[in-house]
Amino acid sequence: EPEVTQTPSHQVTQMGQEVILRCVPISNHLYFYWYRQILGQKVEFLVSFYNNEISEKSEIFDDQFSVERPDGSNFTLKIRSTKLEDSAMYFCASSLLAGPYNEQFFGPGTRLTVL
Amino acid sequence: LAKTTQPISMDSYEGQEVNITCSHNNIATNDYITWYQQFPSQGPRFIIQGYKTKVTNEVASLFIPADRKSSTLSLPRVSLSDTAVYYCLVGDSGGGATNKLIFGTGTLLAVQP
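Chains as they are written, first to last, in the working numbering: chain S, 1 to 115; chain U, 116 to 228.
Simulated from the structure, these hints should not be mistaken for lab results. Don't be surprised by glycine CBs; every beta carbon is placed ideally from N, CA and C. Where hints are given, some of them may not hold.
Not everything, but these chain S residues come out facing chain U in the computed CB check (under 10 angstroms) [as the list claims (entries may be wrong)]: (1) Tyr-33; (2) Gln-41; (3) Glu-44; (4) Leu-46; (5) Tyr-50; (6) Gln-104; (7) Phe-106; (8) Pro-108.
Given only the sequences and the hints, what does the whole structure look like? Please build it.
Structure, rendered in C-alpha cells:
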C-alpha cells in the first residue's frame with residue numbers, strides 16, 4: 001500500500017537555526033499539506049500546496065516558514081529561524097483530490113525539538 | 116466550518132462494541148462527516164466518511180440521523196490495538212472550498228483487556 005514518508009523521524013536543533021523537514025507524498029497525489037501537533041495538543045493545519053504554489057495557509061505559517069516541491073517527489077517544510085515554541089510533531093499529508101472530504105494520507109511525522 | 120463536540124475520553128474492554136458520538140449542530144448542507152484515528156506518535160489515519168444514513172467499511176460503521184446534527188462512529192469488537200484518539204471532522208465542500216482538516220481534541224478511547 002502506498003504511503004507518505006518523512007525524514008528525519010527526529011530533529012534536534014538550537015534556537016535560531018534553520019531546519020528542513022522532508023516528505024515524500026504518495027506518487028500520484030496532487031495536493032500536499034503540512035500539519036503540526038504540539039505535545040498534548042490538537043493537530044493544527046499549517047499549509048496546503050497545489051500546482052507548485054501555496055493554496056492556503058494558517059496564521060501559524062508566518063514568514064519563518066516556507067514550503068517547496070524541489071523535484072517530482074519531495075515536499076519540504078523549512079523553518080528559517082527556529083523558536084522554542086516550534087517544538088512539535090510535524091506531519092506531512094497528501095491527497096489525490098481537493099476538499100476536506102477527500103482522504104488525506106498522513107506520514108509518520110518528524111519530531112522537532114528546539115533547544 | 117461546523118464545530119464538533121465529542122467526549123474527551125471513553126473506556127472499553129476487548130471484544131465490546133464501542134460507539135463514539137459527535138455533535139455538529141451547525142453542519143451545512145454540503146458538509147461531509149469524516150472520522151480519523153490517531154495512535155500515539157503517529158499521523159492521523161482516515162477511518163470512514165459519510166453524508167447521511169449509514170456507511171460501513173471493513174473497520175467501522177458511521178450512523179448519521181436524518182437531521183445530520185450528530186453522528187456515531189461504531190467500532191465492532193474492539194481490541195487493545197484500537198486504543199487511540201478518534202477525531203470527528205466536518206468539512207465544507209464545493210468549488211473553491213478549503214482543503215484543510217480542522218481537528219478538535221478528539222476522543223481518547225482506552226481499551227482494557
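(message) Given Phe-106(S) as an interface hint, is its Cβ closer than 10 angstroms to any Cβ of chain U?
(response) With Cβ-Cβ at 3 angstroms, under 10 angstroms, it holds.
(message) For the restraint on Tyr-50(S), tell me whether the closest CB of chain U is nearer than 10 angstroms.
(response) 8 angstroms, holds
(message) Does Gln-41(S) hold up as a contact with chain U if the rule is Cβ-Cβ below 10 angstroms?
(response) Holds: closest Cβ of chain U sits about 9 angstroms from Gln-41(S), inside 10 angstroms.
(request) Double-check Tyr-33(S) for me: the hint is only fine if its C-beta lies closer than 10 angstroms to a C-beta in chain U. (result) Hint holds; Tyr-33(S) Cβ to chain U Cβ min 7 angstroms, cut 10 angstroms.
(request) Classify the hint on Pro-108(S) as holds or violated, based on whether any CB of chain U lies nearer than 10 angstroms to its CB. (result) Where the cut-off is 10 angstroms and the nearest Cβ of chain U is about 6 angstroms from Pro-108(S), the hint holds.
(message) Using the nearest Cβ pair, does Gln-104(S) come within less than 10 angstroms of chain U?
(response) 6 angstroms, holds
(message) Leu-46(S) was flagged as interface toward chain U. Is the shortest Cβ-Cβ separation under 10 angstroms?
(response) 9 angstroms, holds
(request) With a cut-off of 10 angstroms on the beta carbons, see whether Glu-44(S) makes it to chain U. (result) 7 angstroms, holds
Violation of the numbered hints given earlier is absent; every hint is satisfied by the structure.
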